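Given the coordinates of chain A, work out where chains B and C should sit on it, guided by the hints.
Protein chains in written order, with our numbering: chain A, 2 to 346; chain B, 2 to 346; chain C, 2 to 346.
Be aware that one or more of the hints could be misleading.
Straight-line alpha carbon distances no greater than 35 Å define the calculated DSBU-like cross-link-like pairs of lysine-lysine that follow [as the list claims (entries may be wrong)]: (1) B:Lys336 with C:Lys336; (2) B:Lys63 with B:Lys87; (3) A:Lys336 with C:Lys336; (4) A:Lys336 with C:Lys334; (5) B:Lys197 with C:Lys4.
Hints were generated in silico from the structure; no laboratory data involved. Since this is a predicted model, take the numbers as computed values, not measurements.
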Amino acid sequence: MSKTLSEIADLLNVPVGASASKSITGVNSLADASPTEISFLSSEAHAHAFKTTSAAAVIVQKKLKLPENPNTISLPVDDADLAVAKVLELFAPPIPRPPVGVHHTAFVAPSASVADGARIGPGSFIGDNCIVGKNAVLHHNVYISSDVSIGDDCEFFPNVVIRERISIGHRVVIHAGSVLGTDGFGYRWDGLKHAKVPQIGIVIIEDDVEIGSCVCIDRAKFAATRVGRGTKIDNLVQIGHNVQVGPHCIIVGQAGLAGSATLGAGVVLGGQSAVRDHIHMGDGSMLAACSGVMEDVDPKSIVSGLPALPHRQSLREQAALRRLPNLVVEVRKLKEELEELRNQK
Amino acid sequence: MSKTLSEIADLLNVPVGASASKSITGVNSLADASPTEISFLSSEAHAHAFKTTSAAAVIVQKKLKLPENPNTISLPVDDADLAVAKVLELFAPPIPRPPVGVHHTAFVAPSASVADGARIGPGSFIGDNCIVGKNAVLHHNVYISSDVSIGDDCEFFPNVVIRERISIGHRVVIHAGSVLGTDGFGYRWDGLKHAKVPQIGIVIIEDDVEIGSCVCIDRAKFAATRVGRGTKIDNLVQIGHNVQVGPHCIIVGQAGLAGSATLGAGVVLGGQSAVRDHIHMGDGSMLAACSGVMEDVDPKSIVSGLPALPHRQSLREQAALRRLPNLVVEVRKLKEELEELRNQK
Amino acid sequence: MSKTLSEIADLLNVPVGASASKSITGVNSLADASPTEISFLSSEAHAHAFKTTSAAAVIVQKKLKLPENPNTISLPVDDADLAVAKVLELFAPPIPRPPVGVHHTAFVAPSASVADGARIGPGSFIGDNCIVGKNAVLHHNVYISSDVSIGDDCEFFPNVVIRERISIGHRVVIHAGSVLGTDGFGYRWDGLKHAKVPQIGIVIIEDDVEIGSCVCIDRAKFAATRVGRGTKIDNLVQIGHNVQVGPHCIIVGQAGLAGSATLGAGVVLGGQSAVRDHIHMGDGSMLAACSGVMEDVDPKSIVSGLPALPHRQSLREQAALRRLPNLVVEVRKLKEELEELRNQK
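Chain A on its own, in the form it takes in the complex (with noise of 0.2 Å):
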C-alpha cells in the first residue's frame, strides 16, 4: 500500500511543491524512516534528528525550529500528532474479520436477535434473549450469555466474555480476553466461612467506549457498575463493583478502580494508579501513574503518591525527602552545636 505525497498533503491542508507524486509507504521515526516513508517533528526536543532523517517528507509542528536538511520535504501544521493520527488512518490496513453470518461453529440461540450486517466468528456464542445491534463483528470465541444488549457498530475481539444482563452501547469495543458482568468480590464473615454476598447488579457500557485486552469489569452488587460514553480503558484494568466512571474517561494500563468509588467526567487515571471504594474523583481530576487515591479528589486538581496528594504538594516532599538523610546529618549537628554552646555558659 502506496501513497503519493500529494495525498497526503492535500489531507492535510499543506502545500507541497514539486515532489507531489513521490510514492510514501508508511509511517516511521526520524530515525528510522526510509526514503520513502514519512516521518513528523512535534517538539524541539526530537530537532536534532530532523537533521540527518531520510524520510522523505517530515510533518512538523509550526513554529519549531529546524536545523537544515537538504534531503527531506517539511509539511508544517498547526497539530503535529493529530495530523500524524490522519496520516495512520491513510495506511491503516483494514482489520482481518469474520465474513457477514454466522459461522457454522457458532451458536446463536433462537430467543436472541442478531441485526444485519453482524459477524458472528468460529465458536462465538450468543445466549437467550440478546440483541445484537447492526454491524456487530464477533470474532472468534466471543461468548455473549443470557439477556445482553449490544448497540449497533460494536466490534468484540477474540475470547471477549460478556455475562448475563449486560447493556452495550453503540460503537463500543473490547479487546481480546476481557471480561464484563464477574460477580464483584462481596463477602461478609459469618463466624465460620466468608459468606457470598450476591450480586446481583448489571454492568452498563454507554456508546463509544473502547476496552483494552484482559481487562475485568465486575458486575454490581445491586443497580450497576458503568462506563461513560467515550470513555477508553487500556489493557489489564480492574473496575470494581457498583464503581461509576464517568464520560471521556482515560484509565491507563493496571490501573484498578475499587468497588464504588466515582469517577466524574474526563478524569484521568495513569498507568498502575488505584482508587480507593468509595472515593470520588471529581471531573477533569488526574492520578498520576502508580499513586493511589485515599481522599476525594476536588475537580481538575493533579494528585500523585501514595497515598496520593495534590501533586505540587507531593513534588514538595519528594524534593524534601531527596533532602532528608543530610537533614537527619544536620540536625544531629545542630544538637552537638548547641550543647557545646549551653555547655560554654
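Here is chains B and C on its own, set in the frame of chain A:
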C-alpha cells in the same frame, strides 16, 4: 421478579406492620431506590440519605439515630450488611448455565470420568484421566488438561484453563479467563541464556475457594502451589510458584504473591499489594492496598506502605512526611539562628 | 516415574557410593522430602533443615558447612540451583499436547502454510497467509489472525490470541490467555471526544522468548513493538505500543512498560514495577519490585522506589524516613532549647 415486604421481613425475622403485602422488586441505595425497592443503612454516615429516600423499606442497623421519614418503613436488624446479603439472595436471578450433559461441540476424553449432573458447555475440553465431580458446571470453552481432579459442585466460567495434574476441591468457583498451572517463573543464567528451570509441581485448590477473572496461579517448581479452603481471590491476581495460601484468606484485585510466599489463616491482602518471595504472613495479618511486604509479618498485625511497616508506624511516618518540607526550612532557620547566637558571643 | 540415585549422580557428575541403586521418585524441600525423594541445600540459611531431613539424598552447594545427618547422602556440586534444574528436568512429566495434525474442529485458512509436525488443537484458528513453522504446538482454541509468521518449535497454550501481521521467532512459548497485537493505547482529544490514533504497526517477538499467562503486548503505533531474543516475561505483564525490550531481559509478574519505553540487554524488572513512557533502561540495569522508573537508567545500575532512585540512595532515604517521626520531635526540642538560650541572654 418481586417479593412481598412480609416475605423479606420474615427472612430477617423482623416484624412488619400494615404494609406487609407491599410488593418489592429489588434492592437499591437510599438515593436511587424507587418506591418498590428496598434499601439499607448500616452506618450513621449515610443517615441524611434516609431522610429523603423513596425506598419502600429500609433495613437499618439497630441503634442508629434516624431522621424522620414518614414515606418509608424501617426494618431494624443486628447486622445490616448480613441482612442485605440475605435479601440480595432472595432477588438473585439464576445464572444461565449450559444444560446437563456434554455439549456436542465439547470433548471429553474416553479415559476421563464425569459424574452425574455435570454440565459441559460448548467447546469445552476435558483431557485424559480427568475426574470431574457431581454437578460440575463447565461453561463455554473451559479447558481441562490431563490428570486433573475436580470435586463436586464446582463452577468454571468461560475460558478457564486448568493445566495438567491439578487438584481442585469441592464447591470451587473460578471466573472467566483465569489460568491455573502455568509454569512457575524460574530460570538460571547459564552463561549464554536464561535456562528454564523445569516446573514439575502441581497446584492444589482446596474446598470452597472462589477465584476471580484473569487470575494466574502458577504450578510449583516441585511439590505444590496451594490455595487453602474458603479463600477468596479477586480479579487479576498473580500467585507465583510454590506459594502457600492458608484457609479463609481474602486477596483483593491485582495483588501479587511472589514465589514461595506463605500466608497463614485468614490473611487479608489489599488491592494491588505485593508479597515478596519466601515471605511469611502470620494468621490474621493484613497487608494494606498498594503496599509491598518485604519481611515476615507477625500474626494479627496490620502492615502498610512500601516497604510495608506496622500500620501505626507507617501512619506516623506519613504524618511526619507531610511536615518534612517545613522541617527542612525550620532546620535551615535553626542553623542560622544558632550561628548568629555563636557570633554574638 | 522413578530414577536410581546413580542415574542422578551421573547426571551431576558426582560420585555416589553404596546407595547407587536406591530408587528416587521426585524432588522436594528438605522439610517435606520423603525417604524416596531427593532434596537440595544451596545456602547455609537452611542448613538446620538438613539435619532433620528424611530425603534419600541432598544436592549440596560445595563448601557449605553441614550438620550431621546419617540418614541422607550428600551430593556436593558447584552450583546447587543449576543441579536441581537438571534433576527436575529428569523428573519432568511430558506436557499433554494435541496430536500431530489439524484437529477437526480447528480451522486453517487455505492460504496459510503449516509446516510438518505441527499440532493444531481443538477450536484453534489460523488465518489468511499465515506461516507456521515446524513442530508448532497450538493448544486448545489458539487464535492466529492473518499475515502472522511463526517460527519453528513454538508452543502456544490455550486461548492465546495473536492479532494480524505479527512476527514470532523460533522456540517461542506463550502461556494461556496472553494477547499479542492489541491496538496501542493512543487517543487525541479533538474537542469533542478522544479520537483514536490508528495503531498500524506490528509486534515482533524474537527467538527463545517465553511469555507467561494473561500478558498483553500491544501493537505499535507505527513500526514495531519488539521483544528481544531470550527474554522471559512472567504473568499479567503489560507491554505498551512501540516498547523495545532488549535480549535476555527478565520481566517479573504484573510489571508494566508504558509506550515507547526501551530496555537494553539483560535488564531485570521486578514484580509490579513500572517503566514510564519513552524511558530507556541501560544494559544490565535492574528495577526493584513495586518500583516505578521515571528517568533514564544507566547501564548496570540498580534503581528502586517511587520514583525510582539509585538503590543505595533509596535505602538511605528509607533509613532516614524510619527516623523522621523522631526527627520532627527533636527539631521541636531544638527550637525550644534555642529559644530558651536566647532568652537567657
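Cross-check of the supplied hints:
no. : hint                   : verdict
1   : B:Lys336 with C:Lys336 : holds (10 Å)
2   : B:Lys63 with B:Lys87   : holds (17 Å)
3   : A:Lys336 with C:Lys336 : holds (10 Å)
4   : A:Lys336 with C:Lys334 : holds (10 Å)
5   : B:Lys197 with C:Lys4   : holds (21 Å)
Taken one by one, the earlier hints all hold for this structure without exception.
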